[in-house]
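Peer 1: Take a look at the letters that make up each chain.
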Amino acid sequence: MSLLHIAILAPLLLAIFIPFVYKRFRSIHTGWFVLWLPAILFIYFLQYLPDIKNQGFVEKTFNWIPSLGINFTAYVDGLGLLFALLITGIGTLVVFYSIYYLAKDKENLGSFYVYLLMFMAAMLGVVLSDNLIVLYAFWELTSFSSFLLIGFWYTKERSRHGAQKSMLITVFGGLSMLGGFIILSLLTGTFSIREIISQAGEISTEPFFILALVLVLLGAFTKSAQFPFHIWLPDAMEAPTPVSAYLHSATMVKAGIYIVARMSPVFAEQGLWIWLVGGVGLLTLFWGSFNAVKQTDLKAILAFSTISQLGMIMSMLGLGAAALHYDHLSENIYMGATVAAVFHLINHATFKGSLFMVAGIVDHETGTRDIRKLGGLMQFMPITATIAFIGTFSMAGLPPFNGFLSKEMFFTSVIHVLSLDIFNLETWGALFPILAWIASVFTFVYSMMLFFKTFRGQYQSEKLKKKPHEAPVGMWIPPAILGSLVILIGFFPNLLSNTILKPAAEVIQSPLINEGHSFDIHISFWHGFKPELFMTIGVIVVGVLLYKTMPKWTAIYNKFPSSLSLNHLYDQGLVHTEKGSNKVTDFYMNGSIRNYMVYIFIAFIGLLTITIIKKDAFFMDKSDLAPIGIYEIVLTLIIVAAAITILMAKSRLTSIIALGAIGYTVALFFVLFRAPDLVLTQLVIETVSVALFLLAFYHLPKINRKEERMRFKLTNAIVAAGVGIVVTIIALSAHSNKLFKSISEYYIENTADKAGGGNMVNVILVDFRGFDTMFEIAVLGIAALGVYGMIKLRLSRRQDR
Amino acid sequence: MLDIIFKIALVGFSLSSLILLIRVIKGPSVPDRVVALDAMGINLAAITALVSMILNTSAYLDVILLFGILSFIGTIAFSKFLEKGEIIENERRN
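Just so you know, the sequences run in chain order A and B. Each residue of the first sequence is one higher than the one before, starting from -14 at the first, in this note's numbering. Each residue of the second sequence is one higher than the one before, starting from 13 at the first, in this note's numbering.
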């Protein structure tokens, strides 16, 4: 176990101690005991930057279950390191922010930081694992800890609903992904991602490869809130704001992005991959931005904005996959999409984190997050407003912030779609720039809405619960740091390009890198009068127009029928699944033993008949049959007559006597077939059991003691006949198919010699096979004790007799 | 020769059992049925004896004795039930 492993698991280790610290030091905010860890981890991971830049990756293996090929292989490369830095860096800021956001005496801080640390370790594990199973284990841990964090205020119904919804959707995706991983490991014989990548070309023609692709993508799409699985994210906004900032902007929702990026070298040769990742991403981008405009809750706007931005990153990853098909281009234009995706990933984490924190501050200082009640807050909280200004304008993609740069790169890559000539992209590909541009317009509109409706406009003091004022210093420091990063990256984007962007993009495009292509990343503000610049200008012009005329066109949102919305579908789906399964269960589990017997017998008949027919097992061999004498015939007739009497009898007493007659006739059969011990036992037992039946008959309640014939039911008759016929056929076939001789010769020879007995039946019972006898004695003992217990022990008086 | 006699006897006992069975079914009173059942038990004992002679074995002598005991106990139990309404008198009831 190396230092790297310890770094990944450190948050989990710390989480163990948090409850004790929380109990012991009530006067100090527990967050201070947590804060140092992500900070140290951030610095620790920064140290990897030069290594990664020079040699590509660092790998440390810790054997977990080597016999199954499951080892905890920590693997740091450009992509993993980028995510690790995001997780620890923003983690530090979020912990710092939460110290000021969550009240020491009102909230259960111990649980909060335990969940948060669990989540942090899980995310680090996801992005730094090379083993698919370990990755999946951490993946599920992120789902669970996120479930716990969303439901942190578990007394609120909305919180529980959001937690349940996100859990159901992400775990559904997680399980699909596990299926995809297992298929991949079966195809390649390994769980290691790098080894799978090295075999990517060979397995791509396997029939299950496409299934693996779809399953892995399901996992990634559910986690990253892609259409149509994005519905959990807006409901997850019931979580405390630090959680929203951390999980639902910077880290967890990017786990799906990470999986797509990580698995790109495996799947990206497939046209389906480009279409699914690119197409779904684009659809999500549009749908998220379109829906964000109609929201009135700050965090809901941010949630839909996150969905939309994640879709944008996803679609760029999909377009980046097109690069693999153009490796003849010396200047591969599609590689730029991958760089743009990675770049926007970082940018989004910075500005969205800060915006969530701003929303938290607004909520904290005014008591509401509803933009209809907010307005004119700039005069009260200038610092927050500045941070929000930077964040929203970066999100809208305006210069000089970093969002502008990545948006321009995004436009560049979608314009290049037009020159694609693979997988029908030349016809449908035109959708990419159009949808992307429309989505950017909506992005612009909601970004402006977010800033202007909150901080500008009319101050409505009567709608606010408290008088707003500037947030405490600790609360605006973390968003301020993120905001300054936004500007820093905006002005000096090339700080990142060679240290982080290039290694990360190279990992995603590793097949190309191996073929000698290389990334030449130079991000510049000004790249001449290119179409993307005009697109941005168009976005601003149309966006401003739309924003100004908002009251006039927002009515279109009401046109959309709510019965077709995905949330409605999800809710109805849940309700109907529950109702449906209730119905199904009520249908067959109706509490009547008769029905269950019918199921059992029908299954019995069905399975045995099918087996007999499939195996062609019916076979009759008459050579081994004994002659039938007159006594056997007479006795058989008596048994048949008695059995028919039981079925036809009007009174139960007759049935009991007929049953006794059958028992005694069986005893006579034993006489005929020369089994004296059986005769003795059978006679006594039959007498006793008939007496017991009579006892039960005598004590029947008087009221319902109607003497009537058993009613005839066709189903029952058919089932009964079926069982009889099947058993008869099997008995005949079994008798005709004796494969080897009986072992009874041994008993006949050795009963006297070895066991010293004359009665072979008894010698077998107590000597050769005495074990069975012992346990049958036990059975009788248990039965006797049970009867005694049932009679004597009356804990509850019977109500009516 | 002896075998034929056994079989004739067997048929005779079977017939008498059958006739007793009619009495069991028809009744009319419960004591009629009990007496008929008792006689049937003894008949069965005789049938068993005949069969064991046909099969030429002494292994069934226990069975014959058992028939005797069982039909005796059964008849006694039924008689007691008819007379007192219960077979094993329960002390607690009194």
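Honestly, the hints are just simulated from the structure, not real lab data. A virtual CB, placed ideally from N, CA and C, is assigned to each residue, including glycine. Treat the hints with caution; some may be incorrect.
[Unchecked claim] Here are the simulated DMTMM-like pairs of lysine to aspartate or glutamate, each with C-alpha atoms no more than 20 angstroms apart in a straight line:
(1) A:Lys607 <-> A:Glu617
(2) A:Lys141 <-> A:Glu187
(3) A:Lys141 <-> A:Glu455
(4) A:Lys777 <-> B:Glu101
(5) B:Lys19 <-> A:Glu617
(6) A:Lys687 <-> B:Glu98
(7) A:Lys451 <-> A:Asp609
[As the list claims (entries may be wrong)] Covered, in the sense of this in silico footprint (three residues per stretch, anywhere, with C-beta under 8 angstroms from a C-beta of chain A), are these stretches of chain B:
(8) 61 to 75
(9) 78 to 84
Peer 1: Take the hints in turn and mark each one as holding or not.
Peer 2: Here is what the structure says about each hint:
Proximity of Lys607 (chain A) to Glu617 (chain A) is assessed by CA-CA distance (about 18 angstroms); at most 20 angstroms being required, the pair is judged to hold. As the CA atoms of Lys141 (chain A) and Glu187 (chain A) are separated by approximately 52 angstroms, the hinted pair breaks the 20 angstroms bound. At roughly 28 angstroms between alpha-carbon atoms, Lys141 (chain A) and Glu455 (chain A) are farther apart than 20 angstroms, so this suggested pair is violated. Annotation: proposed proximity of Lys777 (chain A) to Glu101 (chain B) holds, straight-line Cα distance about 17 angstroms (limit 20 angstroms).
Of the pairs offered as hints, the one joining Lys19 (chain B) and Glu617 (chain A) holds, with about 14 angstroms between alpha carbons and a cut-off of 20 angstroms not exceeded. The hinted pair formed by Lys687 (chain A) and Glu98 (chain B) meets the criterion: a straight-line CA distance of about 17 angstroms does not exceed 20 angstroms. Distance restraint check for Lys451 (chain A) and Asp609 (chain A): the Cα-Cα separation of roughly 100 angstroms exceeds the 20 angstroms cut-off, and the hinted pair is therefore not satisfied. Counting residues of the region 61 to 75 of chain B whose beta carbon lies closer than 8 angstroms to any beta carbon of chain A gives 8, which meets the minimum of three for the stated coverage.
Only when three residues or more bring their CB closer than 8 angstroms to a CB of chain A does the claim for the region 78 to 84 of chain B stand; here the count is 3, and the claim holds.
Figure legend: structure checked against the earlier numbered hints; hints not met, in rising order: 2, 3, 7.
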